[in-house]
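Undergrad: The primary structure of each chain is shown beneath.
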Amino acid sequence: MYPIISLSVTGLLTLFLGFSENKKIVFPASIAFLLIALATAFIDWNAPGFYFNDMLQVNNTSIVFWAILIISAILIMGFSEGFERFEFAQPAEYFAIVQFSLVGAIMMVSFKNLIMLFLGIEILSVAMYVLTGADKRNIRGNEAALKYFLMGAFATGILLFGMAMFYGATGTFNIGSGVFIGGDNSFFLWIGCTFMLIGMLFKVAAAPFHLWTPDVYEGAPTIFTAYMSTIVKTAGFVALFKVLSTTFSGLQDFWWIMIAVLVTLSLMIGNIGAVSQNSFKRLMAYSSISHAGFMLLALLGDHENALGSIMFYSVVYTLATISAFGVLMVVSKERIEKGRVYEQNDLFKGLAQNNGFLATVLIIAMLSLAGIPLTGGFWGKFFVFRDAASSGLFWVIIMAVLMSAIAIYYYFKPVLLSMSKKTSLESITINPLAKFIFAITTFGTIVLGIFPWILRSLF
Amino acid sequence: MEDWMNQLDWAWLQWLALGIFGFGAVGGALYLFFTKNILYGAYGLLTSLISVGGLFLMNGAEFLAVSQIMVYVGGILILIMFGIMLSAKGEKKEDALKVVNVNSLVSLLFAAVMAGGLIFYSVKMGGSRSLAEPSAEQVQDLGMSLMTTQVLVLELVGVLLLIVLIGASYIAKK
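Line by line, the protein sequences are chains A and B.
Okay, so the first sequence: first residue is 5 according to my numbering, each after it adds one.
Okay, so the second sequence: first residue is 15 according to my numbering, each after it adds one.
Hints listed in this document are in silico derivations from the structure and should not be mistaken for laboratory results.
Cβ atoms here follow ideal geometry from the backbone N, Cα and C, with glycine treated the same way.
Hints are not guaranteed to be accurate.
Stated by the list, open to error - In silico lysine-lysine, DSS-like type, Cα no more than 30 Å apart, as pairs:
| # | chain 1 | residue 1 | chain 2 | residue 2 |
| --- | --- | --- | --- | --- |
| 1 | A | Lys27 | B | Lys187 |
| 2 | A | Lys151 | B | Lys50 |
| 3 | B | Lys187 | A | Lys337 |
| 4 | A | Lys151 | B | Lys138 |
| 5 | A | Lys28 | B | Lys50 |
| 6 | B | Lys187 | A | Lys342 |
As the list claims (entries may be wrong) - Here chain A is said to cover these stretches of chain B; the calculated rule only asks that three of the stretch's residues, wherever they fall, bring their Cβ under 8 Å from a Cβ of chain A:
| # | region |
| --- | --- |
| 7 | 158-171 |
| 8 | 174-183 |
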């Protein structure tokens, strides 16, 4: 509850800071505001309860997710330091939108009422539409923002229609208040469940609702691509889990087959689509579709463990993704072609020789995304596979393992390129803050790969 | 006797109004579907939307009627009008925006299925559900609950609209 208030207020303060002559103050102030929000999150630790007539539910689980979201935002925002580029021409607006968008993400992980879920998704999505088009002079960015906005608006409409059907069938917006299954209204409940799932799966980029992902990831400025693929995904999956495990748990016979088919589709489209990509950001986009498939696997299993698995998977995925996009941001600004930064895979050619530190960060991130043991990604996959196995869905697991094997091929493309002898770049400058963030994300990936129970035992 | 007469007159008037609004809603939509002139189409949509607002009013949903008129007629339709005015800038008549119906068969089929489903379910549920008695304090109750039990929703809608405003100015600014 408190981070919502804190972030709304500090978002406004950030806008006022934009009036000051010295724009440099906005960045440190925003980081400080995010740290304040992080601190206020823990006021409710060990004091579970409901706020505002059962609108929001706060417990230790949701506080852990708040912390994950806010820390990810801080890590990503750290990369905007020292950039004197077009997307930061109006730093106050940009940092304010980031803080407001976190309000939406926080609502999505702690809602108790579907109105809160809808508002949370909307706040986060509208912020994302704006941030995607933040680089106004980039025609690809404009295209991406328009595509994302139009498709997202339709997805929102479908989600809202599903909620209306749910309300019609049950007479309440509260989740987990003992929904009556069967009878005359079950038809509307099915429609409601299906349409709400479609709306939410669109936001987390699961196939077949993934069509926007490659274009939007490629067109958006890299820092927001990182933001989109970590924070939106984490919040979206928690929201999906909450809806499916509470309200629709009685309908499990109805939706599990849908989720199983979506897992298969996401894994196939994500992994096979990624193989032929030359642009690093498109590769990461397809990889994010496939990771959505892996995270959906957790929903197929026993609900006792699922939230822990989703939490672990989102943390390791977030750490690896921030590393990967961070390296891309740092390296790509060294090579400008036709006025744009160069973002193809062969940008990383000879990185190991040129800058060993960045190459190590990139390699560990790629290994973790591919799920190689001794990195966090291995345990993330292990936990979701175990969840799915507990419900006996072995055909889905065999599919997932096969697709992980394909994933190794395309994740190794940038790794092998970075090992090559010939380098296309001169020296690369990294500012100390970026170095610090890389150290955190890489260290985190390895620690979670060796001692996964540090995080897993929280639940 | 006097009372009974009054009641009869009232019921007759109610049915007439319901008929007019129903005819307006369907007729406006059909006109929009078949017309070739986009501006006339917008007027057809206007008729249809106002009539739907009237239907809400006839069924005791005053707040819904007012918001229908405010949002659709006052907001969205004006946007459509501006869109037409700003984009149809041709010198000759042929340069004006052309209206082409794509997939009219599929969309008619879809509409028929939707209408069939709605009629089926409203007939099926007709006996089991009765309309809530319209109360004079409906809007007042809504306002009270928005300021007391639902106040978080109100505040967060404020945050959403603020983002939209910032985003619009951010995108539009040079």
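Undergrad: Now tell me, hint by hint, if it's right for this structure.
TA: Results of checking the hints against the structure:
1. A/Lys27 x B/Lys187: holds (17 Å)
2. A/Lys151 x B/Lys50: holds (28 Å)
3. B/Lys187 x A/Lys337: holds (25 Å)
4. A/Lys151 x B/Lys138: Between A/Lys151 and B/Lys138 the Cα gap is close to 41 Å, so the pair fails against 30 Å, i.e. violated.
5. A/Lys28 x B/Lys50: violated (56 Å)
6. B/Lys187 x A/Lys342: Between B/Lys187 and A/Lys342 the Cα gap is close to 24 Å, so the pair holds against 30 Å.
7. 158-171: Coverage by chain A holds for the region 158-171 of chain B (8 residues, Cβ < 8 Å).
8. 174-183: The restraint on the region 174-183 of chain B holds, since 7 of its residues have a Cβ under 8 Å from chain A and three suffice.
In this structure, the earlier hints numbered 4, 5 are contradicted, and the remaining ones agree with it.
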